[in-house]
Amino acid sequence: MMEIATTLLAAPKWIIDLVGKDNVFWADYVVVPVIKIVIVLFVVLTVVAYLVYVERKVSAFIQARLGPMRVGPWGLLQPLADGLKLILKEDIVPLKADKAVFLLAPIISVAAALVVLAVVPWGAAWATISSVNIGLLFILAVSSVGVLGLVLAGWSSNSKYSLLGALRSSAQMVSYEVALGLSIIGALMFARTLSMTGIVEAQQADGMWYVLFQPTGFLVYLISALGETNRAPFDLPEAESELVAGYHTEYSGFRWALFMMAEYAAIIITSSVAVTLFLGGWTGLGWLSNLISGWSWTHSIISPENLQVILSIFAFVAKLFAVIYVYMWIRWTWPRYRYDQLMELGWKWMIPAGLANIVLTGIWYVLALPKTSGGLFGLMQNQGGRLVASGWGKIYFIATGFAGTVPIIWGILALINRRSRDFNLHEQRQLQVRLRRERLQKGAEPQPAGD
Amino acid sequence: MQDQEAAKAQATLFDAEEMVLNMGPQHPSTHGVLRVILKLDGETVTDVDCDIGYLHRGVEKIAENDTYAMITPYWDRLDYVAAVSNDLCYVEGVEKLLQVEVPKRAEYLRVILTELQRIASHLLWLGTHAIDIGAVTVLLYCFREREEILKIFEDFIGARLTAHAFRIGGLWWDVYPEFEQRVRDFLRILPGRIDEYETLLNTNRIWLSRTVGIGLLPAEEAINLSLTGPVLRGSGVKYDVRKAQPYSAYAEFDFEVPIGENGDTYDRYLCRMAEMRQSAFIIEQALDGLPEGPVMAKVPKVIKPPVGEVYHAIEAPKGELGVYLVSDGTGKPYRMRIRPPSYINLQSLKRMAVGHLVADVVALIGTIDIVLGEVDR
Numbered sequence: 001m002m003e004i005a006t007t008l009l010a011a012p013k014w015i016i017d018l019v020g021k022d023n024v025f026w027a028d029y030v031v032v033p034v035i036k037i038v039i040v041l042f043v044v045l046t047v048v049a050y051l052v053y054v055e056r057k058v059s060a061f062i063q064a065r066l067g068p069m070r071v072g073p074w075g076l077l078q079p080l081a082d083g084l085k086l087i088l089k090e091d092i093v094p095l096k097a098d099k100a101v102f103l104l105a106p107i108i109s110v111a112a113a114l115v116v117l118a119v120v121p122w123g124a125a126w127a128t129i130s131s132v133n134i135g136l137l138f139i140l141a142v143s144s145v146g147v148l149g150l151v152l153a154g155w156s157s158n159s160k161y162s163l164l165g166a167l168r169s170s171a172q173m174v175s176y177e178v179a180l181g182l183s184i185i186g187a188l189m190f191a192r193t194l195s196m197t198g199i200v201e202a203q204q205a206d207g208m209w210y211v212l213f214q215p216t217g218f219l220v221y222l223i224s225a226l227g228e229t230n231r232a233p234f235d236l237p238e239a240e241s242e243l244v245a246g247y248h249t250e251y252s253g254f255r256w257a258l259f260m261m262a263e264y265a266a267i268i269i270t271s272s273v274a275v276t277l278f279l280g281g282w283t284g285l286g287w288l289s290n291l292i293s294g295w296s297w298t299h300s301i302i303s304p305e306n307l308q309v310i311l312s313i314f315a316f317v318a319k320l321f322a323v324i325y326v327y328m329w330i331r332w333t334w335p336r337y338r339y340d341q342l343m344e345l346g347w348k349w350m351i352p353a354g355l356a357n358i359v360l361t362g363i364w365y366v367l368a369l370p371k372t373s374g375g376l377f378g379l380m381q382n383q384g385g386r387l388v389a390s391g392w393g394k395i396y397f398i399a400t401g402f403a404g405t406v407p408i409i410w411g412i413l414a415l416i417n418r419r420s421r422d423f424n425l426h427e428q429r430q431l432q433v434r435l436r437r438e439r440l441q442k443g444a445e446p447q448p449a450g451d
Numbered sequence: 001m002q003d004q005e006a007a008k009a010q011a012t013l014f015d016a017e018e019m020v021l022n023m024g025p026q027h028p029s030t031h032g033v034l035r036v037i038l039k040l041d042g043e044t045v046t047d048v049d050c051d052i053g054y055l056h057r058g059v060e061k062i063a064e065n066d067t068y069a070m071i072t073p074y075w076d077r078l079d080y081v082a083a084v085s086n087d088l089c090y091v092e093g094v095e096k097l098l099q100v101e102v103p104k105r106a107e108y109l110r111v112i113l114t115e116l117q118r119i120a121s122h123l124l125w126l127g128t129h130a131i132d133i134g135a136v137t138v139l140l141y142c143f144r145e146r147e148e149i150l151k152i153f154e155d156f157i158g159a160r161l162t163a164h165a166f167r168i169g170g171l172w173w174d175v176y177p178e179f180e181q182r183v184r185d186f187l188r189i190l191p192g193r194i195d196e197y198e199t200l201l202n203t204n205r206i207w208l209s210r211t212v213g214i215g216l217l218p219a220e221e222a223i224n225l226s227l228t229g230p231v232l233r234g235s236g237v238k239y240d241v242r243k244a245q246p247y248s249a250y251a252e253f254d255f256e257v258p259i260g261e262n263g264d265t266y267d268r269y270l271c272r273m274a275e276m277r278q279s280a281f282i283i284e285q286a287l288d289g290l291p292e293g294p295v296m297a298k299v300p301k302v303i304k305p306p307v308g309e310v311y312h313a314i315e316a317p318k319g320e321l322g323v324y325l326v327s328d329g330t331g332k333p334y335r336m337r338i339r340p341p342s343y344i345n346l347q348s349l350k351r352m353a354v355g356h357l358v359a360d361v362v363a364l365i366g367t368i369d370i371v372l373g374e375v376d377r
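Sequence lines, in order, name chains E and H. Each residue of the first sequence is one higher than the one before, counting from 1 in the numbering used here. Each residue of the second sequence is one higher than the one before, counting from 1 in the numbering used here.
Simulated from the structure, these hints should not be mistaken for lab results. These numbers come from a predicted model, not from an experiment. For each residue, glycine too, the CB sits at the ideal point set by N, CA and C. Among these hints, one or two may not hold up.
Unchecked claim - Here are the simulated distance ranges between beta carbons: (1) H:D185 / E:T46: 31 to 39 Å; (2) E:K89 / H:D195: 54 to 62 Å; (3) E:W74 / H:D185: 30 to 38 Å.
Stated by the list, open to error - Using 30 Å as the maximum straight-line C-alpha spacing, the simulated DSS-like pairs for lysine-lysine come out as follows: (4) E:K99 / H:K39; (5) E:K442 / H:K238; (6) E:K160 / H:K350; (7) H:K39 / E:K96; (8) H:K238 / E:K160.
Based on the sequences and whatever the hints tell you, model everything.
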């Protein structure tokens with residue numbers, strides 16, 4: 001409790017004036033958070049609606065067409081029209097569905113997705129609702145409740161397609177959550193904190209984005225996050241061409257919209273964790289704020305501190321959209337995995353890669369500790385109570401990350417998977433072709449008819 | 001008594017029965033109104049039963065009450081994504097019965113149009129096959145090129161989908177002046193575009209793992225199931241009606257018949273991709289050697305073939321499309337029987353799908369390349 005209290009930011013002066021000096025506690029713990037929650041929810045839900053628009057525009061861009069163009073200029077009002085249509089649509093509950101569960105499922109889904117927004121550090125200083133010291137753990141824990149919504153939806157619909165979709169999603173999410181959890185540990189070793197704000201500040205102190213220290217962790221995270229959010233090529237629970245719409249086949253109208261909302265909110269959350277953990281969070285536009293606050297006339301418009309925060313929000317959102325664009329890019333270019341192949345990728349590739357990454361990162365880290373702490377190379381210094389890599393230390397970590405961890409993990413994965421069917425399809429195909437030719441020559445099979 | 005009840009309870013608890021999944025007739029990837037009744041053990045398919053007939057119109061019976069010229073439009077609607085090829089089969093069948101010599105120019109134009117239709121049909125197949133496996137973008141790319149072909153058809157024939165191109169005895173009109181240039185323009189862009197699809201799919205890990213070794217069909221079995229077209233050639237059997245019994249002007253052109261090696265979904269995919277390139281090659285030769293002259297033979301206004309019967313087969317995009325016509329000397333056929341390649345190729349679905357997963361069934365329906373208009377007739 002003490003920890004939370006110190007990390008929570010105090011209310012600004014004008015709010016304290018509003019509620020009175022005696023009610024500072026209320027200002028700190030109720031008024032300010034509520035304002036922030038309202039703003040974040042409003043913005044995120046709008047962004048979610050517009051993400052659908054962005055997705056349609058991006059897919060149109062990839063597929064050589066225009067995308068939505070009719071509603072408003074460049075189709076900009078399309079999300080509004082879609083939302084209106086979904087609200088006005090008939091809300092159908094199948095006759096044989098388990099009604100209570102059927103109605104509850106989308107709520108669970110969307111609530112789990114939105115609660116997590118509380119700890120996402122949108123920017124520096126006041127631009128986060130609550131900086132909890134176990135932020136990352138909180139995100140992982142709450143977002144895994146979301147799968148319950150899908151499972152319940154599939155089960156209660158009393159439809160075979162929904163049931164298959166629910167079965168797939170529960171298996172998929174359970175296996176990819178493990179990989180997701182493992183992939184972030186490497187970066188946490190450098191950050192030495194679970195607080196989302198703390199992780200960003202650690203990267204600021206190190207002067208380095210952890211994607212450079214942790215290329216494998218980043219890759220495993222990105223792929224597992226795709227699996228966790230049911231995005232193509234892992235969109236098996238709602239595989240359109242196989243299961244019609246998977247777990248939400250029987251949903252219509254606004255309940256269906258809730259599922260979509262949850263899905264896109266989950267994309268925002270997994271991307272924001274990727275940005276926070278690996279891409280330096282809201283850092284990156286410090287030079288711009290220094291430049292602008294260097295001009296003294298701007299001080300009357302905006303204080304240097306607030307300017308910094310607003311620019312940091314911009315930096316965060318820009319990185320967020322870059323990651324989301326990559327997700328969309330992948331979705332519109334790749335075919336879908338089959339269920340067994342998906343499991344194989346999860347258990348035989350992602351989880352071993354995540355585990356090996358932890359071990360290797362641990363070894364590199366221990367070797368680089370200061371000589372006083374028993375390290376071999378002494379490439380880290382103690383700065384204000386936390387270990388920071390020196391100049392050579394940074395080069396060492398980047399080098400071990402790219403030239404050490406990546407090839408070793410690739411070797412381990414190749415060793416594990418060398419007997420698997422999908423490991424080297426080209427070679428296997430050639431082998432099959434050669435075997436068939438031999439059989440043909442021996443006369444074990446009828447010769448193909450000539451023309 | 002109690003033991004029996006306990007055993008029964010245990011049986012219902014632990015002996016999971018097979019799940020029957022009714023795929024279709026309304027399903028995104030059964031390519032029309034095909035109903036596939038799947039028996040599933042988990043997600044593994046243990047039995048497949050195709051229920052067809054949702055699009056049955058009785059074309060063969062209707063034909064007995066129509067004059068020969070009136071039947072042709074019904075053929076457009078059999079395999080409605082390759083209307084031009086269907087027409088060719090029927091009109092050549094009737095011409096065989098009438099023993100009419102079709103002008104050279106008409107023969108060449110027929111080859112050009114049918115091969116364009118083959119490319120269009122294969123493009124549609126590629127797009128839908130890819131979208132079944134989850135690669136959405138390929139569909140849009142394929143439609144971009146198919147659109148060009150449909151525009152060429154539209155300007156010549158007036159229709160895009162059910163293009164009623166041929167008449168008994170030749171073509172109704174000669175092509176418009178820019179026709180040759182437009183076809184050449186299209187042929188210039190096509191190879192690059194096919195490369196584009198192949199970049200997206202050929203070496204894509206997911207595409208490979210979804211198609212290599214899926215629906216393996218050895219040559220012998222493919223022959224026994226009397227499969228034709230790319231499904232047969234994918235298994236390594238070099239049978240193509242254009243080569244085996246050359247019709248129209250095909251004997252005059254030089255082209256390869258691509259065959260697969262293993263008979264899996266990937267081979268059938270490669271086969272069709274190679275066929276598109278071969279079709280483009282044939283069209284080029286036909287355009288280079290396009291003779292001048294009339295496009296319509298002397299055919300009586302009222303067609304009354306002599307008493308007799310005829311079987312004529314062509315290589316439609318989906319396989320051997322045949323027509324069996326019996327004439328009793330009147331203006332209407334006594335009997336018309338269609339050999340639909342989709343219908344016969346569909347029989348291989350059960351053979352291919354059992355033992356695979358639900359997701360593969362979708363891929364396999366795609367690889368057989370069925371059109372329900374032709375299956376149900």
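Point to revise | Violated hints - listed by number, lowest first | key: 1, 2, 8
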